[in-house]
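Colleague: If you read the sequences in order, they're chains A and B.
So the first sequence is residues 202 to 506, counted in this note's numbering.
So the second sequence is residues 83 to 538, counted in this note's numbering.
The hints are simulated quantities; they were obtained by calculation from the structure and are not laboratory data.
Predicted, not measured: the structure shown is a model, and the values here were computed from it.
Heads up, some of the hints might be wrong.
As the list claims (entries may be wrong) - Covered stretches of chain B, as calculated for chain A (at least 3 residues, CB under 8 Å):
1) 100-113
2) 116-127
3) 202-214
4) 295-304
5) 491-501
6) 504-511
For glycine and all other residues, C-beta sits at the position ideal for the given N, C-alpha and C.
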Amino acid sequence: MEVFVQQLINGITLGSIYGLIAIGYTMVFGIIGMVNFAHGDVFMVSAFIALVTLLLVTTWLGIGSIALALLIVLIVAMVLTSVLNWTIERLAYRPLRGSFRLAPLISAIGMSIFLMNFVQVAQGPRNKSVPPLVQGEFVLMENNGFQVTLSYKQLIIWGITGLLLVAFWYVVTKTALGRAQRACEQDQKMAALLGIDVDRTISITFIIGAALAAVAGTMYLIHYGVVSFADGFTPGVKAFTAAVLGGIGSLPGAVIGGLLIGLIETMWSAYFSIDYKDVAAFSILAITLIFLPQGILGRPDVEKV
Amino acid sequence: MAIEAPEPIRIDIASAIKNAILTAVVACALFLPLIGFKTTTDIRNELVLETRFPLLLIFVTLATAGSLFVSLVIGPWRAHRLQRAPREEPWVPPAIARRIAPYSLGFVLIYPALVLLITGFQGGIKWIDNFGIQILIYVMLGFGLNIVVGLAGLLDLGYVAFYAVGSYSYALLAKTFGFSFYLLLPLAGILSAFWGILLGFPVLRLRGDYLAIVTLAFGEIIRLVLINWVPVTNGYAGISGIPRPTFFGIPFTAGDGGFASVFGLEFSPIYRTIFLYYLILGLVLLTAFVTTRLRRLPIGRAWEALREDEIACRSLGINTTNTKLTAFALGAMFAGFAGSFFAARQGFISPESFTFLESATILSIVVLGGMGSQVGVAIAAIAMIGGTEILRELDFLKDWFGNDFDPTQYRMLVFGMAMVLIMILRPRGLIATRAPSVFLRERKAISSTLVKEGRG
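Chain A with its partners taken away, still in its complex shape:
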């Protein structure tokens, strides 16, 4: 029981990170029908931006307050990652819009390889570890010496993820921008005829996706305290898996999928074998898709002649 609760807490933490990345995949897929393979690497770059900003803020500027430092890091990472994703969209995907389906996919894979190796060359191949920022934890339960703990950093991750999801949900459902975005998702030509700037809307989609990925990147850095240039691929694939599991194109689906993948992974590591946790996540993805090809909340794909 204690193990279960502890793994539930860990799973939700991991799942929030996956969910935040998954939103970027699912939004881009919803609006231009493209698998943005570079998104995992954008997440990794955002973690590096957060790392550099954190060092800058704490050692150079000497800001002692952790809350203030975290806020600055989060904002800088979100802004710079948004600029990065906007640039990527502008350079690598926009010229291919309206081209055939595989062209942007290959371009995105190329971008992913480029980003990974760029960070490797620019920052060196070694793991970068930072001293733990936030320490301390609540003890929720105790039984025979086994403590169920909820650490402050997990609480911070939950809080920030929840807050941003609410803000994001508000933007997508209640504002003109969100309406434009959903309109472009349904029919770009019609949206353009009604005076919506489709290019701009797509750019903003990429920016929002990147901002959420940057939050995930910062959380990842706080949670694990270590990041390397190769850390984009696996979380990226798992977040994509989460997006597909939840039903690609569906925003709540991405969050649910992320939480599910996080939980599956932590539960599997606790009860079965930690070596095969990724195998479990991928197998469950494959099995779900075979029986539920549209994902949990996805719209069924209508075949037209």
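Dock chain B against chain A, hints included.
Modeller: Same frame as chain A, but now just chain B:
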């Protein structure tokens, strides 16, 4: 129809400068954290920041200059070209395109001899091995994946799994039971084909990107199992001491009974390399031949019909299940051949060789070559693999940038950039025409924009 005189192209200096300033600002923001600062570990093993502002300045200047170049030179040039020739012309004239295949076949047949003439015995191994064999392996993988992606229109992101199955089948069976290469080559192909069917069955209902993600997951599962199933696969450490192929029973060893002594030659490792070169060349030609013939059989036509329109296919009574499964199985079989050859050539394999990056590389070769075109696949493999391999040879760059400069570090960086650039410049791949497999009287090349890519 009167031909209008082309309008002079105006160069908009104001917007060019505006773009350049925007580029400079964006480049500043992007490069500041990653180029402007470098995180290093100090003596106390703590992360510290170093500044590299001169380098940052160079990067921002380059980006700005690039933006100016694009808006002042490339933009007007493209507009000019569009005015002159509004329709897309074939990139390679058809007369040359028709002769590419026979001439290049002749070239690859005499390639080892050419290399030996130029470099002599000592330097030759590197050129035959790193360029010849390496590229041919990717050509073979490209041909195999071409069946799945280019002909049947099924997007497979985990193709490297079958390559891995082939490699490990050969390595394990050859080491454990001592079977010969010539027995295990077809066996590895068959085993891979089985895995292709095994994967094919559950994913038949999936389409498009769902299929892509499940195949990607499958590729990762195979790799993770190879890493974690230590008793059989030896995990990360990999399998070493894999038996090498023999010259039809004669080993390439130094002593008596070796290839050199049987044929009365002086021993040199290059004989094995040359033999391996012709072996993989034979396999590549076999793959190409089989694929070309299959395209004319009902099954090949069914693949292409499936790619064009699955619903129409089903309405006409084509069994789409079998069609998809055969495409998966045959594609996997060729990957299995290539895999067992790879294991035999290296003598050592580990899960490192079968990452997603390999799948992405093979897929990019197929797409960059122009899906469905075999000549295109071969050209793309030479450009992408040979092009990045050649970075290893550019020692003169050290004279320019100092001794710390290591061009191999930038290999994958350039590779990724090239993928993006080629896609932007030629989204339909390098070879933009297709020779249809079914035609009336005369075979006419058609534009690849008319070929669908399939949603399967």
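Colleague: Checking each numbered hint in turn, tell me which of them this model violates, lowest number first.
Modeller: Hint 3 is the one this structure does not satisfy, whereas the remaining hints hold.
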